[in-house]
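Novice: As a plain string of letters, each chain reads:
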Amino acid sequence: MSRTEIKIGGFGGQGVILTGFIIGKAASIFDMKNATMTQAFGPEARGSACSSQVIVSEDKIRYPYVKRPNVMVMMSQEAFNKFSPQIDPHGIMLIEEELVDPAGLPDTVTVYSIPATRIAEELGKKIVLNMVMTGFFTAVSRIISREAARKAVADSVPPGSENLNLNAFEKGYEWGLKQLEG
Amino acid sequence: MDGDHACCEGALAAGCRFVAGYPITPSTAVVERFARRIPRVGGVFIQMEDELASSIAIQGAVWAGKKAMTVTSGPGYSLMMEHIGLAVMTECPCVFVNVQRGGPSTGLPTLPGQADMMQARWGSHGDYEIIALCPDSPQECFDFMIDAFNLSEQYRVPVMFMMDECIGHMIEKVTIPEADKIDVTPRNYTKLPPDQYLPFKPAENMVPEMVKAGDGYRIHVTGLTHDYRGYPVMSADCQEELVHRLVNKINRNEEKIRHIIATDIEDADVVVIAYGITARVAVDAIALARKQGVKVGLLRLVVVWPFPEAVIRDLANKGKALVMAEMNYGQIYYEVERCAQGKVPVLLAGHGGGDVHKTEAIAEKIVEANKCLS
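So the protein sequences, as listed, match chains A and B.
262 is the number that the numbering used here gives the last residue of the first sequence; the numbers go up by one with no jumps.
974 is the number that the numbering used here gives the last residue of the second sequence; the numbers go up by one with no jumps.
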């Protein structure tokens, strides 16, 4: 299937929107595929569980919203509780392992986990946790190429912070490769 | 970038250098970007006290020689209606962007709608025609904003750019061509000297030539019925000549203004008609219905007003069943039904807004329309 639906969830401040933006940018601008990103606006998007939704496809994307995510990236328990029932039964679930207990998923869903916040803190800035997750996502899901993702990260973060963010990306990417091997 | 941002960039590429607006969701990002971007290209953005002021400030800027626009959503659009009528009557080329949300009233600020389509056509009092375009992606928000400005200059008419919340907030890749590859229609300024120039005397294409402030022409511009000089004339004869021309300069040029995209309609038994985001969703619905064996095509309206009556009549004459898909309860559907003249089944796939159509909902109507034929 050419169309892949991705949903990223977490709480405000974790960089949920930027993560979706970078994945979409990597796919559409640097990997030359098509990508559409949408996000919930309004009161339902405020508070504890927010999300961004990205569709990546070889073909032109028509229906704009994510209905049954093939890949989910969940960075908080509330987001997991709210969004995880939507997942494709054969999809993959990526979680921040110290913040999310992935209980209640169908056995057919593959779960990959990473202590992204701790890794980010070890790099000196908790705020780059979303870049750790982006690297992890890139390695595990293989929807976007590593090079495209790196370019999209460097292109989307504040000038001067590229190295820190790319380091965080690489930590997540390496963790992802290890999980795939293990 | 998202559709709102692309709309701003399209306007700048079209030469827009004055924007007045009163921010309202889901169009706020358009004015946010203008506030940042337009000073860098020598233009001005003013956050006005309300939508009435916004919709009149842009007309002042036009008469001063700038290309100008305003942007809003449903509630603000309602407030702009009086001045849209003034722009029609004074033949003031400008663009009104409406990022449609669910209505009536304040409705659904953060969710999409397509229910302002009739308001775009006849929301102001009096009899007139305007031009309305519906993009279906951020890329088209860029591309068709340029068309909107160009059409407004060609026909000296306010052009309605009818986006929706989904398109406005959706982020996709947008390719912006080199400036020299973008066709921009300049304002048609008169070459006549002040003593020979009549500001409302139609040229060959029924559209009068313009002047701008500071060039030495003394002119009168009024919302009252006026003669070639622009002076008020309170007579049925003058009204007939003026209003007839305002209507005809659009209607008689419908074929030139027309912008439709027809896909697989030649051999189709059923044709789906749609515009904006709904046309995108309809493509998936058509694929679904084709799997069920229905020969179905898509007629996408990029320009919804003036309405391509002849195209719909032709489909009806060829015996094709029609399905109108739109996020309202039949604003364009009744236009389609009128043009079909009872010759073929015309079905509505409509809803009140707040979400795009479910693909299955349009597909069901396609199958139903196909059954009506047999």
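Careful: at least some of the hints might be erroneous.
Taking lysine-lysine and the PhoX-like style, the derived pairs with C-alpha atoms no more than 20 Å apart in a straight line are [claimed, not checked]:
id: 1; chain 1: B; residue 1: Lys773; chain 2: A; residue 2: Lys140
id: 2; chain 1: B; residue 1: Lys801; chain 2: B; residue 2: Lys791
id: 3; chain 1: B; residue 1: Lys958; chain 2: A; residue 2: Lys140
id: 4; chain 1: B; residue 1: Lys791; chain 2: A; residue 2: Lys147
For the record, the hints were derived by calculation from the structure and aren't laboratory data.
Values in this document were obtained by computation on a predicted structure and should not be read as measured data.
Novice: Against this structure, judge whether each hint is valid.
Specialist: For each hint, the structure was consulted:
1. Lys773/B / Lys140/A: 12 Å, holds
2. Lys801/B / Lys791/B: Distance of about 14 Å is within 20 Å: holds.
3. Lys958/B / Lys140/A: 18 Å, holds
4. Lys791/B / Lys147/A: 58 Å, violated
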